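Asks: Sequence:
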Amino acid sequence: MPHPELPLLHREITAWYASNARQLPWREESATPWALMVSEFMLQQTPVVRVLPVWEAWMKRWPTPAALAADPVGEAVKAWGRLGYPRRALRLHAAALVITTEHGGKVPGSEDRLLALPGVGTYTAAAIACFAFGIPTVVVDTNIRRVHARLVGGKALPEPNQNAAELALAQRLLPESSPADATATKLANAWNIAVMELGALVCTARAPRCHGCPVMQQCAWIAVGRPEPHYKPKGQPWHGTDRQVRGAMMAVLRHSEAPVDRADLLGVPDLAVDTGRRLNPAREAGERHRAWTDLHALPAASEQRERAFASLLADGLAKQGADGVSLPR
DNA sequence: CAATCGTGGCC
DNA sequence: TGGCCAAGATT
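Basically the numbering used here = 1-based index in the first sequence + 25.
Keep in mind that the hints were calculated from the coordinates and are not lab data.
Incorrect hints may appear among the rest.
Stated by the list, open to error - 20 Å max Cα-Cα, derived EDC-like pairs, lysine to aspartate or glutamate:
{"id": "1", "residue 1": "85", "residue 2": "53"}
{"id": "2", "residue 1": "257", "residue 2": "267"}
{"id": "3", "residue 1": "85", "residue 2": "54"}
{"id": "4", "residue 1": "180", "residue 2": "253"}
{"id": "5", "residue 1": "103", "residue 2": "312"}
{"id": "6", "residue 1": "103", "residue 2": "340"}
{"id": "7", "residue 1": "344", "residue 2": "96"}
{"id": "8", "residue 1": "211", "residue 2": "201"}
{"id": "9", "residue 1": "344", "residue 2": "286"}
Stated by the list, open to error - Pairwise CB distance ranges, derived in the manner of DEER restraints:
{"id": "10", "residue 1": "146", "residue 2": "229", "range": "34 to 40 Å"}
{"id": "11", "residue 1": "209", "residue 2": "338", "range": "49 to 55 Å"}
{"id": "12", "residue 1": "251", "residue 2": "92", "range": "45 to 51 Å"}
{"id": "13", "residue 1": "331", "residue 2": "236", "range": "31 to 37 Å"}
{"id": "14", "residue 1": "339", "residue 2": "248", "range": "46 to 52 Å"}
{"id": "15", "residue 1": "92", "residue 2": "48", "range": "23 to 29 Å"}
{"id": "16", "residue 1": "338", "residue 2": "201", "range": "47 to 53 Å"}
{"id": "17", "residue 1": "331", "residue 2": "71", "range": "26 to 32 Å"}
{"id": "18", "residue 1": "48", "residue 2": "248", "range": "29 to 35 Å"}
{"id": "19", "residue 1": "190", "residue 2": "46", "range": "25 to 31 Å"}
{"id": "20", "residue 1": "262", "residue 2": "231", "range": "18 to 24 Å"}
A quick note: this is a predicted structure, and the numbers were derived from the prediction, not measured.
Glycine included, every Cβ here is placed at the ideal spot set by N, Cα and C.
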């Protein structure tokens, strides 16, 4: 393994960050740990540009964990909108509840207590600890892994799954710090966000902008001629999957102020014709109408619809009451 | 541990 | 056009 000049890397990448970082609201000095935490939940597998407007609305409505915890979880799911992976909304609400009841309403500042929160895994705990509380811990996300894989490993992409070697490398690359040395601590924190930003803006998965890279001269991947990935990423099928059906059902529930008849949610147009049953009101305007037509347009067998609906119930994303199906309360 | 879980933009 | 990808977590 090459042994890069760490102080040089640290200087160049943090300097690059200082003049190239995006101005994101959760990076403002005034941003609270809660604001950062909300952003981290939303950013799990979702691009910044789609998170921004939802985050703004979310923080305006629920500026504290207690505010969110006081509202029904279904409101969180609805406000989550089209960010995707709505279980994250469930978990963020659940985390807000724990913070309110067990942490005095304050986002905990230690990694282990963060890890204990619903929806907070290794990355998110480290990110909140580092970015919100200035704890110089090892942060490893997909951007950082990719930068490391290229810069040090000479590979086009990191391994499909994070492994111990990557963690060790991240640990080795992190600027040394000690509680007594505020300057060193600051550098370690700056390094984490700077490498992540470099991966997001320059060292991207596809078509990396190497000419804008502050450490191109030291990049092992460049040095070996930018070889192709040594494996082919596994696809994420969508059309025809249960996930697609779940998504369509969730869209309907998000746009329904009243409980939805189970048969409507699970029905297909053909069936409605046969039974003479009117499915959903077809004259709804805008998104609500589109949610219904999208759901009914899916070529899903009734068994698949049943399966998708059952998984929504199992996840707690939908509740079935005497009056119909709705988002959880 | 490999599978599962949304959504939309991009090349 | 369609496969690839995005600040992962959970089981």
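Asks: Now, for every hint given, state plainly whether the structure supports it.
Replies: Now the hints, each set against the structure:
{"no.": "1", "hint": "85 / 53", "result": "holds, 16 Å"}
{"no.": "2", "hint": "257 / 267", "result": "violated, 24 Å"}
{"no.": "3", "hint": "85 / 54", "result": "holds, 17 Å"}
{"no.": "4", "hint": "180 / 253", "result": "holds, 8 Å"}
{"no.": "5", "hint": "103 / 312", "result": "holds, 13 Å"}
{"no.": "6", "hint": "103 / 340", "result": "holds, 15 Å"}
{"no.": "7", "hint": "344 / 96", "result": "holds, 16 Å"}
{"no.": "8", "hint": "211 / 201", "result": "holds, 10 Å"}
{"no.": "9", "hint": "344 / 286", "result": "holds, 12 Å"}
{"no.": "10", "hint": "146 / 229: 34 to 40 Å", "result": "violated, 23 Å"}
{"no.": "11", "hint": "209 / 338: 49 to 55 Å", "result": "holds, 51 Å"}
{"no.": "12", "hint": "251 / 92: 45 to 51 Å", "result": "holds, 49 Å"}
{"no.": "13", "hint": "331 / 236: 31 to 37 Å", "result": "violated, 53 Å"}
{"no.": "14", "hint": "339 / 248: 46 to 52 Å", "result": "holds, 50 Å"}
{"no.": "15", "hint": "92 / 48: 23 to 29 Å", "result": "holds, 25 Å"}
{"no.": "16", "hint": "338 / 201: 47 to 53 Å", "result": "holds, 50 Å"}
{"no.": "17", "hint": "331 / 71: 26 to 32 Å", "result": "holds, 29 Å"}
{"no.": "18", "hint": "48 / 248: 29 to 35 Å", "result": "holds, 33 Å"}
{"no.": "19", "hint": "190 / 46: 25 to 31 Å", "result": "holds, 29 Å"}
{"no.": "20", "hint": "262 / 231: 18 to 24 Å", "result": "holds, 20 Å"}
This entry does not satisfy hints 2, 10, 13, going by the numbered hints stated previously.
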